[in-house]
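Trainee: Each chain is listed here by its residues.
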Amino acid sequence: MRDRTLFGLILAGLILLVILNLPESVSGRVKGFIRDAFAPLQDLVASASRQGQETLKLARGVSSLTAENQRMAGAIAQLRLRQSELERLEEETLKLKHLLDYRSHAPRRLVTCAVLGRDATGWWQTLRLDKGADSGLRAELAVTTPEGLIGRILTTTARTSDVLLLSDPKCKVSALVSRAQAFGIVAGNGVTPQGLPSCRMDFINVDRRHAVQNGDEVVTSGLGGVFPRDLLIGRLDNVKTNESGLYAEADVVVAADLGALEYVFVVADERPGAPTATAAAPAAGAAGP
Amino acid sequence: MKLLVMLLALVTGATLQALLPAWAWLGGAQPPVLLALVLFYAWTSPRAGMLGCAFAAGLLQDALGQVPLGFSCFCFALAGLWAQRHREDVDEQAYISQIVFGGLAAALVTLLLYALLRHAGAITLSFGGALRKTLGTALLGALLTPVMFRMAIGLERRLGERPALDHGGRL
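Protein chains in written order, with the working numbering: chain A, 1 to 289; chain Y, 1001 to 1171.
Just chain Y, same shape as in the assembly:
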């Protein structure tokens, strides 16, 4: 059931990501919806679940764009492993953790993808352009990650994968 909920979240996230426009004034940054979901599962699932989510999200992102198959899987898996490594150090339910990790992970993934795509000769974007895009994606990631966390929690709750709010209002 947990797997089905994850798949549903990923399919919805991928559709949303494909629908949302790139922000030209942020260097063509695309809202990192799928990455935010990877972060969510990095903090709420065991390592195998997170890696499965990262691979599935990567495959979806690569298939829905022009990125060679596997590039996003690699970047998402690295971001997920990095987030999971700090799982014990942060309060995953705090907005500030989600904002900081969302922004940093988005920046990391954008820079990594830039390096991979540039190395493969798939894009001709200058480093300055990539830096602007990285900062833009970091900003969008910071803003979007808490929202995606709430949406994913809401979805899990609706589908019975998570108990209702406790008295302290914790998620």
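So here's chain A without its partners, still in its complex pose:
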């Protein structure tokens, strides 16, 4: 009995060693296989969750109407319910139209993706999207919303992609304060206890340290080759000079709401013949080096 237990533990240890020492390509394929197998289920659950939220919103409207129903005839209540449903639909249509307008006017080819979920361990600030290599996506592509940049693709499988959000400490973006022509690096700083994304910008131009101020718009500089230029990142806050007194640093209030993302766009490539302009609204006056 004791021998069997020992044998079992040694076998388990060996299996673990094999798993831990799998070549990266093999472990990537294993992870990709599991992720792709889970994608339809996650898609289903994410859709159900979205539907549930919409229904809850509707139910809240219905419960407020219930009090009115006691005083009014049933027919009027039905009309109101219908009206609230129509309003919801109108709101949704406007939202989708906004997204469609953004997509069709962007100078770059954008791939619309639904958000399936977030990192299942909580160690990273990542999102999982419902499209992957089969849709032409690959690692290092920028991911944005009409409000602004949210991050870059970290890994892809055939049917899913993982996005590293701006708030993750491993996400670094070459950025520019266009008004002051000050360059720097925006890096993630995690999430505040209130759940808000936290980013900071370290400026690299010594001569520009006094030129930047709170509220200045931060856009991607296009340097480094990962992010296209002029994608809006956010606005500066709490600008100060660092301990050496040579460089400026600041917090960045991210323009996009990283906590409530349902649909995002992956910036796939430039549209043929399109002028290079602001893809993420509204980084007016942005100019790169």
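It should be emphasised that the hints constitute simulated quantities derived from the structure, not laboratory data. Incorrect hints may appear among the rest.
Which residues of chain Y face chain A? A few of them, derived with a C-beta cut under 7 angstroms, are [stated by the list, open to error]: (1) Ala1018; (2) Leu1019; (3) Leu1051; (4) Val1067; (5) Phe1074.
Which stretches of chain Y does chain A cover? Using the computed rule of at least three CB atoms under 8 angstroms from a CB of chain A, they are [claimed, not checked]: (6) 1004-1011; (7) 1054-1065; (8) 1123-1132.
Predicted model, so just to flag it, every value in this text is computed and none were measured. Note that CB positions come from ideal geometry on N, CA and C, so glycine has one too.
Dock chain Y against the given chain A, drawing on the hints supplied.
Mentor: For chain Y alone, coordinates are given in the frame of chain A:
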């Protein structure tokens, strides 16, 4: 059949874990759904079954996140072995056992994963941040483990793997 029920529980648990958000005010703690299932099988299955569950749960967690493949298998297997070692000392059906072991196992796994990920250079989280996350995960583990035990028992009962409640109301 028992294996299929376990797989179904793990797939459901993994989907649930991926759906539930991380709690920012608890240091980004994620509800440890899969770990709670490992604990359940540590107390209701033989060692081979528990290790199989720990490996499968670990693979699922690593595949659904950015953790290198195998890290969670190792942590879950250790937590499962530790829980199984104390199986005779506790009443596995008592809430208090589930709460205490759920919290402690969650803390153990979070600290172990932190050490492994930090050593591998995969994360840059400070020790203070990790400690907050550990305490947060321990709290969530303590709250979630009894719930997951009930859900797993309910699933086993529905699928005919477990008899109905006895007269004393025991699970």
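Trainee: Would you mind marking each hint as holding or not holding in the structure?
Mentor: Now for the hints, and whether the structure bears them out:
| no. | hint | result |
| --- | --- | --- |
| 1 | Ala1018 | holds, 4 angstroms |
| 2 | Leu1019 | holds, 6 angstroms |
| 3 | Leu1051 | holds, 5 angstroms |
| 4 | Val1067 | holds, 6 angstroms |
| 5 | Phe1074 | holds, 6 angstroms |
| 6 | 1004-1011 | violated (count 1) |
| 7 | 1054-1065 | holds (count 8) |
| 8 | 1123-1132 | holds (count 4) |
Violated hints amount to a single one, hint 6; each of the other numbered hints is respected by the structure.
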